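Trainee: Single-letter residue listing:
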Amino acid sequence: MNVIVCVKQIPDPANPGALDASSNTLKREGKLILDESDSYGVEMALQLVDAAGGGEVSLVSMAPNSETAGLRTALAMGAAKAVLVSDPALQGSDALTTAKILAAAIQRLGGADLIIAATESSDGYTGTVPEQIAEVLGLPSVTFAKKVSIEGGVLKANRQTEEGYDEVTCPLPALISVTAGVVEPRYPSFKGIMAAKSKPVDEVTAADLGVTPVGWAGAGQQISNIAQAEARAAGEVIEDDGETFGKIVTFLEGLKVI
Amino acid sequence: MGISNIWVFAQVANGAPTSGSLELVTKARTFGGSVSVWVAGDGAAVAGALGEYGASKVFAVDYGQNLAGVSVASAMKATIDGGESPDLIMFPQSYEGRDVMARLSVKLGRTVLTNSVDIEAVGDSVAATTPIFGGNTLVTTTFTGGAPYLAAFRPKSFNPEASGGSAAAVQAVSVPDLGATGTAKITAVHVEETTGPKLDEANVVVSGGRGLGESANYAMIETLAKLLKGAPGASRAIVDAGWVPYSYQVGQTGKVVKPSVYIACGISGATQHMVGMKGSKNIIAINKDKEAPIFGIADLGIVGDVHKVLPKLIEALQSL
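Protein sequences appear in the order of chains A and B.
Under this note's numbering, the first sequence is numbered contiguously, ending at residue 258.
Under this note's numbering, the second sequence is numbered contiguously, ending at residue 320.
Calculated directly from the structure, the hints in this document are not laboratory data.
Any given hint could be a false lead.
Straight-line C-alpha distance at most 27 Å; calculated DSS-like pairs for lysine-lysine [what the hints assert, rightly or not]:
hint : chain 1 : residue 1 : chain 2 : residue 2
1    : B       : Lys288    : B       : Lys258
2    : A       : Lys191    : A       : Lys81
3    : B       : Lys229    : A       : Lys247
4    : A       : Lys256    : B       : Lys258
5    : B       : Lys57     : A       : Lys256
6    : A       : Lys31     : A       : Lys81
7    : A       : Lys247    : B       : Lys288
8    : B       : Lys77     : B       : Lys226
9    : B       : Lys308    : A       : Lys256
What follows is a list of derived Cβ distance ranges for each label pair [what the hints assert, rightly or not]:
hint : chain 1 : residue 1 : chain 2 : residue 2 : range
10   : B       : Pro311    : A       : Lys197    : 44 to 54 Å
11   : A       : Val204    : B       : Asp42     : 28 to 38 Å
12   : B       : Gly83     : A       : Ser66     : 39 to 49 Å
13   : B       : Glu214    : A       : Ala234    : 28 to 38 Å
14   : A       : Val204    : B       : Lys290    : 19 to 29 Å
As the structure is a prediction and not an experimental result, all values here were calculated from the model.
Each residue gets a CB set at the ideal place from its N, CA and C atoms; glycine is no exception.
Just need the whole structure built from these sequences, with the hints factored in.
Mentor: Put into C-alpha cells, the structure is as follows:
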C-alpha cells in the first residue's frame, strides 16, 4: 500500500511569530521545522504501510526557499521520498491555491491508496486544506479522524464530532485528516537521519505542476488592515506559602461564585 | 447589490441549533438582507428556533449515512446552479462547518477565510477579522473575487439575540449524486455523555494541564469543578496524552470558553490554550513556574504546586 502524507514546514513555534512588513505574510525566512501536527500523520502512514506488508510512504510539501529541513525529519522517520513545491510566485497563496498545488503534487507522484494530512497547521490553522485537496482530487474523505485502521482494503475510522464521534468506513483511495495523539510519533534514529540525507526530494515550481494563477494573483483575498488587540493586564501574582488557597476562596467569594 | 442574501450553515446538536450557530444568524441579520439557514438533518425540528433568531428559510439536507460535509456542500452547489445567489455564506468553525466550506470552496472556485471573529460589508464585498499570534494581532482581510464569500467564525464572536420572528419556512434539498466522494459512510454514532454544565456554557470552568503530573490527578479538577457548579476543562497536552476526551479541550483547536471565572491548574499558557480562554471575565492560575505565560493574563496568580494548593482549596470549599 502506498501512502502520501501532506506535511508543512513551519517557523519554530517556540519563537514568537512576526509578519513581514512589506507583504503582511508570516515571516518564513529562518529555518523551518516539521509541523509537529504532521508527525502524527507520518507515523500513521508508516504504521499502515507496515501493517499492509509492503509499499511506501511519500511526502508532499509547499515551502519557500527550497526548504527541506522539515522534510528531512519526516524522511528520517521512514518516509521514502518527497515532492517539494518551492516557488517565489507562491507567496500570498490562499488555502484554495495551496490545496490545488498539493493535489497536483500528489498527482505528480501518481496518487496513492491513502492521503493523510493533519487537521490543521500550527501556524496558519485554516483547517480546510485537507478537505479541499479531497474535493480537487474527487476523493472521499474522513476528516478529524482520531482512530484509523485498514481492514480488507477498507478504511475504518473514528471521526470526531461535536457530541462525540462517528464510526466511518470508506473504500480506498481516500483522504484522511488525523488529530494529534492518534498515534505516538517515533523519534528518528541516527541511522534514519543519515539515510534521509540521500533520499530523493523532487523540487518543482507551480508552473511545473501546471497550476495558475497562484500567489497573490490567484488569491481571492487581500489583507486590508492589521491592528493590535487590546491587551489583558496581569493581576496579582503571589508565591504559595501553604495558605494561598485562602486567597482563592476570598477571590471567589468576592465574585459571589461561592 | 451589497450583501443582501446571506446563508448560514447551522450546526445542530441534541435537536437544537448550537449557540455558535444562533450567533451567526444574529450577525447575518445586521446586514439588512434575507437570511436563510442550512442544516444537515431535520429542518422542521429547528425551524422555530432559527425563525426566532431571524431566519426566513431553512434548507434541510437529509444526508442519510453520508458525511454531512460533502452532502451539504453538494446540495448548496446544486441550489446555486439552480438560480439562488447568496452573497455571503457563514459557517461556524466546527467540524462539519469546515468540511462543508472546504468542499464548497473547490466546487465554486472561491477562497475561504477561517477563524474569523468579526465581519463587515465593504461595498459589494466583505471584510473578515481574524486574531493571530494568540490573539495579540488582528488581521482584517477583504475578499477580492466575486460572491459568494465563504467565511467561518470562532464560537462566541457575537452575542446571540432573538428577534422574535416566526418559524422559518423549510425547504428540503436532496443530495445530488456524490460519485466517489460519497463512498465514505457513517456506520455508528457515539454521543459522549457529560454531566453538569456544558463546557462552553458554564459560569465557572476549571481546567487542568500537564502540571497535574499524571492522569489520576485530574480527579481534583473534576471535584473542584463540581464544588463550584462549573465544568472541567483541559489543555491540549493532556487531551493528546489521552487523560481526558477531546470534548474537554479548551483552546484554538478545542472549545472557546468565556465563563465568569476560569481556573487554570498546572497550565503554562501556550498560545493554543490562551486563545480559547482569554475572554473569560476573571482568570485564576496556579502554576509552579513563575515565568509561565498564563500569569500574564491572570487576575490572581498563585506560583505554587497544584498538588499542594488544590487539596487545600477543595477542603476549604467542602467545609463552607
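Trainee: Next, verify each hint and record whether it holds.
Mentor: Each hint tested on the structure:
Distance restraint check for Lys288(B) and Lys258(B): the Cα-Cα separation of roughly 25 Å lies within the 27 Å cut-off, and the hinted pair is therefore satisfied. Pair hint Lys191(A) plus Lys81(A) holds up; C-alpha atoms about 16 Å apart against a cutoff of 27 Å. Proximity of Lys229(B) to Lys247(A) is assessed by CA-CA distance (about 19 Å); at most 27 Å being required, the pair is judged to hold. At most 27 Å may separate the alpha-carbon atoms for a hinted pair to count; Lys256(A) and Lys258(B) meet this at roughly 17 Å.
Restraint check for Lys57(B) and Lys256(A): the C-alpha separation of about 43 Å exceeds 27 Å, so the hint is violated. With a CA separation close to 21 Å, the supplied pair Lys31(A) and Lys81(A) stays within the 27 Å bound. For a cut-off of 27 Å, the pair hint linking Lys247(A) to Lys288(B) stands: about 17 Å separates their Cα positions. A threshold of 27 Å between alpha carbons decides the hint, and for Lys77(B) with Lys226(B) the separation of about 46 Å lies outside it, so the pair is violated.
Note on Lys308(B) and Lys256(A): the hinted pairing holds, with a Cα-Cα distance of about 25 Å set against a maximum of 27 Å. Taken as a hint, the range 44 to 54 Å holds for the pair Pro311(B) and Lys197(A), whose Cβ atoms sit roughly 52 Å apart. For Val204(A) and Asp42(B), the hinted distance range of 28 to 38 Å is not satisfied, since their beta carbons lie about 48 Å from each other. Taking 39 to 49 Å as the suggested C-beta distance range, the pair Gly83(B) and Ser66(A) conforms, at roughly 48 Å.
Our hint of 28 to 38 Å for Glu214(B) and Ala234(A) holds, since their Cβ atoms are close to 30 Å apart. The hint said 19 to 29 Å for the Cβ distance between Val204(A) and Lys290(B), and at roughly 49 Å that hint is violated.
Against the hints set out earlier in the document, violations occur for numbers 5, 8, 11 and 14.
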